[in-house]
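*Asks:* Okay, so the sequence shown: first residue is 1 according to full-length UniProt numbering, each after it adds one.
It is possible that part of the hints are untrue.
As the list claims (entries may be wrong) - Straight-line C-alpha distance at most 27 Å; calculated DSS-like pairs for lysine-lysine:
1. Lys186 - Lys227
2. Lys98 - Lys238
3. Lys308 - Lys81
4. Lys159 - Lys188
5. Lys229 - Lys211
6. Lys61 - Lys118
7. Lys229 - Lys308
8. Lys211 - Lys114
9. Lys211 - Lys283
10. Lys166 - Lys245
11. Lys186 - Lys211
12. Lys188 - Lys119
13. Lys238 - Lys227
14. Lys98 - Lys61
15. Lys287 - Lys245
16. Lys204 - Lys238
17. Lys229 - Lys118
18. Lys279 - Lys188
19. Lys268 - Lys227
20. Lys211 - Lys164
21. Lys61 - Lys159
22. Lys164 - Lys114
23. Lys81 - Lys119
24. Lys211 - Lys98
25. Lys279 - Lys186
26. Lys283 - Lys164
27. Lys61 - Lys328
28. Lys268 - Lys279
29. Lys229 - Lys188
30. Lys279 - Lys328
31. Lys283 - Lys159
32. Lys164 - Lys308
33. Lys204 - Lys308
Hints listed in this document are in silico derivations from the structure and should not be mistaken for laboratory results.
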Amino acid sequence: MRPVLNWFRKKQSMIPKQIFRNLLPALAGAAFFTACHSTNKTAHQSKDGFSFFVLGDWGNKGGGSQIPVANEMITQSAAYKPSMILTVGDNFYEDGVKDLQDEHWQLSYENVYKDLTKKCAWYVALGNHDYRGNVDAELQYHTVNPNWNMPARYYTFVKNISDKVKVRFIVLDTDPYADSYYTDPKYKGVFAGQDTAAQTRWVKETLAASKEQWKIVIGHHPVYCLKPKAGEIESLKKAMEPLFKEYGVQAYICGHDHIMQYHTPAGKTGYIISGAGAKPTPKEKQKESFTAFTAGVPAFTAITMTEKELQFNFIDTTGTIVYHNSIKQ
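Just need the whole structure built from these sequences, with the hints factored in.
*Replies:* Written out as structure tokens, the structure reads:
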């Protein structure tokens, strides 16, 4: 352990003081050493890359750990300078929003994340709890706050990492793939008109046409996780995993499970779960062979991308980096 600590101390001058200070506690964890691919790159916005935050399962009217997580996001934004926020669904508990005037917009979003709602573009995915409310209101909130972006239930956009390298983001609507919801009274009729076969074709066509060097897919439900509920992820996994492999998707980022996890099954794709934005659950004692890390702590994910590498940190409400890893292009 001492050589690793000494290495990080030598690199301290290259890392913002706050990030370096918060990184040291994580070095004590064995999981960090076994899974971390450390580099000396500064983990924040830079001239040859960009940073963004990932937030999952979060809209709780300030309850639970939502405000502590939000406050730490605001604090860390000074160092990371995120250019956007990705949300991976369950934006408003328990039953979505009623309309554009719903109190959730202020109590769960504007008043909680404060300047982040004014200075950062938010790219939003739908979760199952959002489907229990008025999905159209979430689609239309861009007219109230232009930083809120969800132009359709599934959509795509591109960001520049540098003058030469771009990243294609594909935001899925995973909820209609959950077979068990079709017999659950809470979701009666809410998926009418949602065609998963059409969405899968669109994903395939979008990936096939993509010329960007990086391809990242966003969704609510996991493709890999610990102890999945029956009927929730099987159809999604069957539809998407072959496409991820065929077209070289580097990362799939999701929530749904109220936990922070990283999974590395066979293949190129890394699977990040960032679902502890408000109501974290204790970590699963079970661990699969593909599981690199799991922690049941309130947290969000900070990601920095350069031309050849995606670095991500799971950051808890004390500012501690509880896990760090990287994905190569």
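*Asks:* Work down the list of hints and note, for each, if the structure agrees.
*Replies:* We went through each hint and held it up to the structure:
1. Lys186 - Lys227: 22 Å, holds
2. Lys98 - Lys238: 33 Å, violated
3. Lys308 - Lys81: Roughly 20 Å separates the two Cα atoms, so the pair holds.
4. Lys159 - Lys188: 37 Å, violated
5. Lys229 - Lys211: Violated, at about 36 Å.
6. Lys61 - Lys118: Holds. Lys61 to Lys118 sits at ~19 Å (cutoff 27 Å).
7. Lys229 - Lys308: Judged against 27 Å, a Cα distance of about 36 Å means the pair is violated.
8. Lys211 - Lys114: 36 Å, violated
9. Lys211 - Lys283: Distance ~38 Å between Lys211 and Lys283 Cα, so the pair is violated.
10. Lys166 - Lys245: 19 Å, holds
11. Lys186 - Lys211: 41 Å, violated
12. Lys188 - Lys119: 38 Å, violated
13. Lys238 - Lys227: Between Lys238 and Lys227 the Cα gap is close to 17 Å, so the pair holds against 27 Å.
14. Lys98 - Lys61: 14 Å, holds
15. Lys287 - Lys245: Holds: Lys287 and Lys245 sit about 23 Å apart, inside 27 Å.
16. Lys204 - Lys238: 13 Å, holds
17. Lys229 - Lys118: 37 Å, violated
18. Lys279 - Lys188: Roughly 25 Å separates the two Cα atoms, so the pair holds.
19. Lys268 - Lys227: Distance of about 23 Å is within 27 Å: holds.
20. Lys211 - Lys164: Cα-Cα ~12 Å, so holds.
21. Lys61 - Lys159: 31 Å, violated
22. Lys164 - Lys114: Violated, at about 34 Å.
23. Lys81 - Lys119: 10 Å, holds
24. Lys211 - Lys98: Violated. Lys211 to Lys98 sits at ~39 Å, over the 27 Å cutoff.
25. Lys279 - Lys186: Distance ~20 Å between Lys279 and Lys186 Cα, so the pair holds.
26. Lys283 - Lys164: 40 Å, violated
27. Lys61 - Lys328: With a Cα-Cα distance of about 37 Å, the restraint between Lys61 and Lys328 is violated, given a limit of 27 Å.
28. Lys268 - Lys279: 30 Å, violated
29. Lys229 - Lys188: 19 Å, holds
30. Lys279 - Lys328: Judged against 27 Å, a Cα distance of about 31 Å means the pair is violated.
31. Lys283 - Lys159: Given that 27 Å is the threshold and the Cα spacing comes to 33 Å, the pair is violated.
32. Lys164 - Lys308: 11 Å, holds
33. Lys204 - Lys308: The hint holds at about 24 Å.
Hints 2, 4, 5, 7, 8, 9, 11, 12, 17, 21, 22, 24, 26, 27, 28, 30 and 31 from the list above are not met by this structure, while the remaining hints are.
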